[in-house]
Amino acid sequence: QKEVEQDPGPLSVPEGAIVSLNCTYSNSAFQYFMWYRQYSRKGPELLMYTYSSGNKEDGRFTAQVDKSSKYISLFIRDSQPSDSATYLCAMGPPGQNFVFGPGTRLSVLP
Amino acid sequence: GAVVSQHPSRVICKSGTSVKIECRSLDFQATTMFWYRQFPKQSLMLMATSNEGSKATYEQGVEKDKFLINHASLTLSTLTVTSAHPEDSSFYICSARTSGGSRDNEQFFGPGTRLTVL
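Here the protein sequences line up with chains F and V, keeping their order. Per the working numbering, the very first residue in the first sequence carries number 145; after that it's consecutive. Per the working numbering, the very first residue in the second sequence carries number 559; after that it's consecutive.
One should not assume that every hint holds.
Mimicking BS3-like on lysine-lysine, the simulated pairs with C-alpha atoms at most 27 Å apart in a straight line are [as the list claims (entries may be wrong)]:
hint: 1; chain 1: F; residue 1: K211; chain 2: F; residue 2: K146
hint: 2; chain 1: F; residue 1: K214; chain 2: V; residue 2: K622
hint: 3; chain 1: V; residue 1: K613; chain 2: V; residue 2: K578
hint: 4; chain 1: F; residue 1: K186; chain 2: V; residue 2: K599
hint: 5; chain 1: V; residue 1: K572; chain 2: F; residue 2: K146
hint: 6; chain 1: V; residue 1: K599; chain 2: V; residue 2: K613
hint: 7; chain 1: F; residue 1: K186; chain 2: V; residue 2: K624
hint: 8; chain 1: V; residue 1: K624; chain 2: V; residue 2: K599
hint: 9; chain 1: V; residue 1: K572; chain 2: V; residue 2: K599
hint: 10; chain 1: F; residue 1: K186; chain 2: F; residue 2: K146
hint: 11; chain 1: V; residue 1: K572; chain 2: V; residue 2: K622
hint: 12; chain 1: V; residue 1: K572; chain 2: F; residue 2: K186
hint: 13; chain 1: F; residue 1: K200; chain 2: F; residue 2: K211
hint: 14; chain 1: F; residue 1: K214; chain 2: V; residue 2: K624
hint: 15; chain 1: F; residue 1: K200; chain 2: F; residue 2: K186
hint: 16; chain 1: V; residue 1: K578; chain 2: F; residue 2: K146
hint: 17; chain 1: F; residue 1: K214; chain 2: F; residue 2: K146
hint: 18; chain 1: F; residue 1: K146; chain 2: F; residue 2: K200
hint: 19; chain 1: V; residue 1: K599; chain 2: V; residue 2: K622
Honestly, the hints are just simulated from the structure, not real lab data.
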């Protein structure tokens with residue numbers, strides 16, 4: 145079993161839809177959880193950063209961490225064509241390197 | 559978010575030459591920096607982790623004599639691809655992690671360097 149699992153997609157949604165992206169993990173020591181967005185031929189951009197459990201909201205983006213289920217989610221409300229990108233989850237324990245998911249390719253269709 | 563720059567953004571070189579890529583954290587000090595490579599439509603592959611003032615730790619299968627990493631200061635790490643060959647053509651991305659302060663342990667990426675070896 146991989147440490148971090150993420151559905152690679154591609155995921156296509158119509159403009160305005162709510163998008164749900166998810167990752168599961170196996171290491172209960174993970175405390176830091178992040179979501180990155182990567183446009184084609186660009187470096188990943190940090191979108192959301194969460195320590196331990198709970199929810200975090202930033203504009204149209206909401207990150208959720210459920211440590212009991214070892215499951216994290218990123219929700220995008222009112223999705224826009226400009227949200228079309230690859231979304232990577234990343235996580236790790238204190239003091240160690242983060243582990244990245246393979247990324248989910250999202251297309252928001254106008 | 560914090561800013562990480564990379565230079566050059568694109569390089570084309572002949573087979574057998576060496577190429578140096580610079581990675582700088584512009585507004586924070588990074589004791590730990592990372593180098594990744596990424597092939598088209600594939601996920602990030604961690605190549606090595608570098609800590610300022612010490613030798614880099616390479617991932618399994620990455621040739622340390624081919625990919626020389628130097629983390630000379632808290633804001634600069636370099637990756638040198640020595641005697642590059644066409645199979646080294648890829649997208650190289652550096653990353654830096656914050657430590658301490660209000661944004662502890664966040665990892666930021668540079669914009670990437672596209673290397674093409676002819």
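Evaluation of the provided hints:
1. For a cut-off of 27 Å, the pair hint linking K211 of chain F to K146 of chain F stands: about 17 Å separates their Cα positions.
2. For a cut-off of 27 Å, the pair hint linking K214 of chain F to K622 of chain V is broken: about 35 Å separates their Cα positions.
3. Distance hint between K613 of chain V and K578 of chain V is fulfilled; the C-alpha atoms sit about 17 Å from each other, no more than 27 Å.
4. The hinted pair formed by K186 of chain F and K599 of chain V meets the criterion: a straight-line CA distance of about 12 Å does not exceed 27 Å.
5. For the proposed pair K572 of chain V and K146 of chain F, the alpha carbon gap of about 38 Å is over 27 Å, so the pair is violated.
6. The suggested pairing of K599 of chain V with K613 of chain V is violated, with an alpha-carbon distance near 31 Å, which exceeds 27 Å.
7. A hinted pair counts as satisfied when its Cα atoms are at most 27 Å apart, and K186 of chain F with K624 of chain V qualifies at roughly 24 Å.
8. Between K624 of chain V and K599 of chain V the alpha-carbon distance is near 24 Å, which keeps this suggested pair within the 27 Å criterion.
9. Distance check on the hinted pair: K572 of chain V and K599 of chain V sit about 25 Å apart at the alpha-carbon level, within 27 Å; holds.
10. Proposed proximity of K186 of chain F and K146 of chain F is supported: the alpha carbons are some 26 Å apart, at most 27 Å.
11. Distance check on the hinted pair: K572 of chain V and K622 of chain V sit about 21 Å apart at the alpha-carbon level, within 27 Å; holds.
12. A hinted pair counts as satisfied when its Cα atoms are at most 27 Å apart, and K572 of chain V with K186 of chain F qualifies at roughly 24 Å.
13. With a C-alpha separation of about 14 Å, the suggested pair K200 of chain F and K211 of chain F falls inside the 27 Å cut-off, and the hint holds.
14. Pair hint K214 of chain F plus K624 of chain V does not hold up; C-alpha atoms about 38 Å apart against a cutoff of 27 Å.
15. For the suggested pair K200 of chain F and K186 of chain F, the alpha carbons sit about 25 Å apart, so the restraint of at most 27 Å is met.
16. Annotation: proposed proximity of K578 of chain V to K146 of chain F is violated, straight-line Cα distance about 33 Å (limit 27 Å).
17. A distance of roughly 13 Å separates the Cα atoms of K214 of chain F and K146 of chain F; the hinted pair therefore holds under the 27 Å criterion.
18. Restraint check for K146 of chain F and K200 of chain F: satisfied, since their Cα atoms lie roughly 26 Å apart, inside the 27 Å limit.
19. Taking the CA atoms of K599 of chain V and K622 of chain V, the gap is about 25 Å. The hint holds against a cut of 27 Å.
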